[in-house]
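Line by line, the protein sequences are chains A and B. The working numbering puts the first sequence at residues 1 to 115. The working numbering puts the second sequence at residues 1 to 114.
Check each hint, because a few of them may be wrong.
For lysine-lysine, the following DSSO-like pairs were computed, each having C-alpha atoms within a straight-line distance of at most 30 Å [stated by the list, open to error]:
(1) K9/A - K71/A
(2) K106/B - K73/B
(3) K70/B - K14/A
(4) K109/B - K73/B
(5) K14/A - K57/A
(6) K101/B - K78/B
(7) K73/B - K101/B
(8) K70/A - K9/A
(9) K57/A - K78/B
(10) K70/B - K101/B
(11) K106/B - K70/B
(12) K70/A - K57/A
(13) K55/B - K78/B
(14) K73/B - K9/A
(15) K78/B - K109/B
(16) K70/B - K109/B
(17) K57/A - K9/A
(18) K71/A - K73/B
(19) K106/B - K78/B
(20) K55/B - K73/B
(21) K55/B - K70/B
(22) K55/B - K9/A
(23) K101/B - K9/A
(24) K106/B - K55/B
(25) K70/A - K73/B
(26) K9/A - K70/B
(27) K71/A - K109/B
Simulated from the structure, these hints should not be mistaken for lab results.
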Amino acid sequence: NAGVTQTPKFRVLKTGQSMTLLCAQDMNHEYMYWYRQDPGMGLRLIHYSVGEGTTAKGEVPDGYNVSRLKKQNFLLGLESAAPSQTSVYFCASRTSGGPSSYEQYFGPGTRLTVT
Amino acid sequence: AQTVTQSQPEMSVQEAETVTLSCTYDTSESDYYLFWYKQPPSRQMILVIRQEAYKQQNATENRFSVNFQKAAKSFSLKISDSQLGDAAMYFCAYRSGGSEKLVFGKGTKLTVNP
């Protein structure tokens with residue numbers, strides 16, 4: 001059981017370039033989330049999904065797009081990267097029912113630098 | 001909008017002693033959940049403890065316990081018998097019962113001295 005994995009772990013982009021971050025979970029969770037963490041801040045929700053084929057905006061969605069074509073994967077895209085998107089990105093997932101439904105399981109993070 | 005405030009950017013404790021981390025939150029909701037997450041240098045976010053707002057009893061998980069004061073909107077974390085492995089950033093977080101949005105505080109960096 002790998003839990004929540006994120007690819008890549010590190011990436012450096014030039015302003016204007018695009019990229020996709022991949023999150024995968026093997027726990028059959030319905031809910032998946034993308035957060036960003038900036039220095040001196042807690043995590044902020046970018047987008048989330050409550051099931052395959054669904055997505056919704058979080059607190060800071062501008063400049064990002066997401067897709068959930070398969071239940072186990074949640075992709076975060078940056079179409080035209082900006083220096084303000086330099087951050088550490090975390091993916092998380094949780095089940096929809098049962099005694100553990102409150103807990104979000106986090107991936108190890110992706111450190112993205114935009115120059 | 002809900003906010004979470006952690007007033008202690010840094011705290012330190014001697015190994016085997018007890019430390020309390022503070023958290024206050026602002027909400028008009030009655031149905032919500034509160035969490036403490038640990039983030040060690042590896043960056044992995046780990047759930048330490050949770051509290052449902054409707055429960056009056058304070059949550060406890062081994063050496064970790066909370067002091068939940070609903071009227072004061074306070075949710076502090078007590079770590080007993082501190083260990084070197086407890087050194088990390090600790091984040092307090094809030095989630096409304098009807099929302100998927102987890103709102104985090106800015107964190108408290110805990111140092112454990114041998």
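Cross-check of the supplied hints:
| no. | hint | verdict |
| --- | --- | --- |
| 1 | K9/A - K71/A | holds, 22 Å |
| 2 | K106/B - K73/B | holds, 17 Å |
| 3 | K70/B - K14/A | violated, 47 Å |
| 4 | K109/B - K73/B | holds, 22 Å |
| 5 | K14/A - K57/A | holds, 25 Å |
| 6 | K101/B - K78/B | holds, 25 Å |
| 7 | K73/B - K101/B | holds, 19 Å |
| 8 | K70/A - K9/A | holds, 21 Å |
| 9 | K57/A - K78/B | violated, 34 Å |
| 10 | K70/B - K101/B | holds, 20 Å |
| 11 | K106/B - K70/B | holds, 21 Å |
| 12 | K70/A - K57/A | holds, 18 Å |
| 13 | K55/B - K78/B | holds, 18 Å |
| 14 | K73/B - K9/A | violated, 37 Å |
| 15 | K78/B - K109/B | holds, 14 Å |
| 16 | K70/B - K109/B | holds, 25 Å |
| 17 | K57/A - K9/A | holds, 24 Å |
| 18 | K71/A - K73/B | violated, 37 Å |
| 19 | K106/B - K78/B | holds, 18 Å |
| 20 | K55/B - K73/B | holds, 14 Å |
| 21 | K55/B - K70/B | holds, 10 Å |
| 22 | K55/B - K9/A | violated, 39 Å |
| 23 | K101/B - K9/A | holds, 24 Å |
| 24 | K106/B - K55/B | holds, 25 Å |
| 25 | K70/A - K73/B | violated, 40 Å |
| 26 | K9/A - K70/B | violated, 39 Å |
| 27 | K71/A - K109/B | violated, 35 Å |
Checked against the numbered hints above, the structure breaks hints 3, 9, 14, 18, 22, 25, 26, 27 and satisfies the rest.
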